[in-house]
Amino acid sequence: MSLRSPLSRVSGLGTAKDGVSHWWSQRVTSVALVLLGLWFVVSLLRMPTLSHELVLAWIAGPVNAVLLLLLIGTLVYHSQLGVQVVVEDYVHHHGLKIATMLLLTFAHVVVAALAAFAVLRIAFGGGA
Amino acid sequence: MDSTSTRRRPLSPFLTVYRWQYTMSLSILHRVTGCALSVGLLLLVYWLIAAASGAAAYETARHFFVHPLVRVLLIGFSFAFFYHLLNGVRHMTWDTGHGLERKAARLSGWIVFLGAIATTALFWILLLRDHGGAA
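Quick note, the sequences are listed as chains A and B, same order. Just so you know, the first sequence maps onto residues 1 to 128 in the numbering used here. Just so you know, the second sequence maps onto residues 1 to 135 in the numbering used here.
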């Protein structure tokens, strides 16, 4: 059963102009973050100390490095989807809304790139 | 004399006509903790960059993270994390069509709120015990 109008069905879009993809992406990243988030918390607690040597050794492990990259990517994407809804709800001026989202999107991409580079540098042994 | 535009017309329900219920606070808290975690992401990234930048940078970061005010901030972020996680599961249960009845929704609200406080406390107890307070 579909609740969508014939027009939205034919164009694949709803009143939100991008269909249900935003809603679905938020759910998919949520499920991923439950798993990745719990993995990260348990990993932190399982480390004997958070000294530099131990943290580097932990990040450099192949499985840890990949899961950490996935965690960062998913967190940033989920955050971007979340703040987008908040901005759409509270920023009413169209121009200001676009400017705010542009700024937040840039910030999210920069944060993701910095974090990914840090993990990769440690994983490939380029770090200190 | 009543024109269409001045006559009191029925309104569909919106925020200001609802009597306040604590489940509404929980709903808003989901959004507040979500925004807080977007900011908290910056601290996680700072920690990773510091680790990748060398021993001196990591030492600076460690000093920053053990500062009492930052510690309070981190406890706040960890509560936001656990609350958003638990309440997110609650929201996704609703998405499947379950637990929407008033009684069930109120009960799950309490479980999520108290559960978030309990997991936050447990997390810090384990962290500080295992890492000797220098975490």
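One or more of the hints may lead you astray.
[Said to hold, decoys possible] List of simulated lysine to any residue pairs, SDA-like, C-alpha gap at most 25 angstroms: (1) Lys103(B) <-> Leu114(B); (2) Lys97(A) <-> Phe14(B); (3) Lys97(A) <-> Leu42(B); (4) Lys97(A) <-> His108(A); (5) Lys97(A) <-> Leu114(B); (6) Lys103(B) <-> Met24(B); (7) Lys97(A) <-> Val32(B); (8) Lys97(A) <-> Leu15(B); (9) Lys97(A) <-> Arg31(B); (10) Lys97(A) <-> Cys35(B); (11) Lys97(A) <-> Gly109(B); (12) Lys97(A) <-> Ala36(B); (13) Lys97(A) <-> His30(B); (14) Lys103(B) <-> Thr16(B); (15) Lys97(A) <-> Pro68(B); (16) Lys97(A) <-> Lys103(B); (17) Lys97(A) <-> Trp39(A); (18) Lys103(B) <-> Thr93(B); (19) Lys97(A) <-> Trp24(A); (20) Lys97(A) <-> Val39(B); (21) Lys97(A) <-> Ala116(A); (22) Lys103(B) <-> Leu29(B); (23) Lys97(A) <-> Thr93(B).
These aren't lab readings, by the way, just hints derived from the structure by calculation.
Restraint status (C-alpha distance of Lys103(B) to Thr93(B) at most 25 angstroms): Judged against 25 angstroms, a Cα distance of about 15 angstroms means the pair holds.
Agreement of Lys103(B) and Thr16(B) with the hint, judged by alpha carbon distance not exceeding 25 angstroms: 23 angstroms, holds
Agreement of Lys97(A) and Lys103(B) with the hint, judged by alpha carbon distance not exceeding 25 angstroms: 38 angstroms, violated
Given hint Phe14(B) paired with Lys97(A) - CA-CA distance at most 25 angstroms: 23 angstroms, holds
Agreement of Lys97(A) and Trp24(A) with the hint, judged by alpha carbon distance not exceeding 25 angstroms: Holds: Lys97(A) and Trp24(A) sit about 23 angstroms apart, inside 25 angstroms.
Pair hint Lys97(A) and Ala116(A), alpha-carbon separation not exceeding 25 angstroms: 28 angstroms, violated
Straight-line alpha-carbon gap Lys103(B) to Met24(B), limit 25 angstroms: 14 angstroms, holds
Given pair status - Gly109(B), Lys97(A), alpha carbons within 25 angstroms: The given pair, whose Cα atoms are some 32 angstroms apart, is violated under the 25 angstroms limit.
Satisfaction of hint between Arg31(B) and Lys97(A), Cα-Cα up to 25 angstroms: Roughly 18 angstroms between the alpha carbons, so the hint for Lys97(A) and Arg31(B) holds.
Agreement of Lys97(A) and Leu114(B) with the hint, judged by alpha carbon distance not exceeding 25 angstroms: Status violated; Cα separation ~36 angstroms.
Restraint status (C-alpha distance of Lys97(A) to Val32(B) at most 25 angstroms): With Cα atoms ~19 angstroms apart, Lys97(A) and Val32(B) stay inside 25 angstroms; holds.
Holds or violated: Lys97(A) to Ala36(B), with C-alpha atoms at most 25 angstroms apart: Judged against 25 angstroms, a Cα distance of about 20 angstroms means the pair holds.
Checked against the numbered hints given earlier, this structure breaks hints 5, 11, 15, 16, 17, 21 and 23; the rest are met.
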